Amino acid sequence: NAGVTQTPKFQVLKTGQSMTLQCAQDMNHNSMYWYRQDPGMGLRLIYYSASEGTTDKGEVPNGYNVSRLNKREFSLRLESAAPSQTSVYFCASRTVRILTQETQYFGPGTRLLVL
Amino acid sequence: LAKTTQPISMDSYEGQEVNITCSHNNIATNDYITWYQQFPSQGPRFIIQGYKTKVTNEVASLFIPADRKSSTLSLPRVSLSDTAVYYCLVGDMFEFSGGYNKLIFGAGTRLAVHP
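In the order they appear, the protein sequences are chains W and C. When we follow my numbering, the leftmost residue of the first sequence carries the number 1, and every step to the right adds one. When we follow my numbering, the leftmost residue of the second sequence carries the number 116, and every step to the right adds one.
In case anyone wonders, no lab produced these hints; they're calculated from the structure. This one's a predicted model, so the numbers in the text were calculated from it and none came from an experiment. Treat the hints loosely; a few may be bogus.
[As the list claims (entries may be wrong)] Cβ-to-Cβ under 8 Å is the rule here; a few derived chain W residues that face chain C:
hint : residue
1    : Asp38
2    : Pro39
3    : Gly42
4    : Gln104
By construction, the Cβ of each residue, glycine as well, lies at the ideal position given by its N, Cα and C atoms.
For reference, chain W alone in the conformation it holds in the complex (with noise of 0.2 Å):
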């Protein structure tokens, strides 16, 4: 069981290339989410999703696309890296069952540098 899984670890990007983030979690969760965190701050949603073959924005959303490949992956790309998002994303997922103990977990995080 090895929980949230996210690829690469590091990257380095200029200007105007492309990339995508994978994650994936083999906890049999329905939700699953992307965020950036900035040096410092908090962390900001960018999209989430809440079952297989949806996908919803979430507060910082313009630059990203998503794609909820089945229930196990999640994977968020970067059509054209600016330096704005130089930032580390972090992968999430998540099930509740109502009125008992919340489960998420967090992936290690990428840490994406755009020159």
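Since the structure of chain W is already known, use the hints to place chain C on it.
Positioned in the frame of chain W, the structure of chain C alone reads:
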């Protein structure tokens, strides 16, 4: 979604009890309160969750007054390893409600524990 307000930072010393208060004046009936902990270079980790009154686990206690407009995370006898950022989140507990799948993190409270 209910907005949360926390102190930006707190300082404490080893062995002391630390109480971090979160205000959520617009909390809704279906909302529950969850706290996360984040160490540098890691994703947030779930600490505790509650709906009303008091919840205790092996890590912390969560106190929620009757009006539920605030909550207090209590960390007993902190150590240096409790130095982290603590986030308070308020979210819907019913999976098919509109607000359920959004998890919005605020800036959090930076706790520094000193020797």
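Evaluation of the provided hints:
1. Asp38: violated (11 Å)
2. Pro39: violated (11 Å)
3. Gly42: holds (4 Å)
4. Gln104: holds (6 Å)
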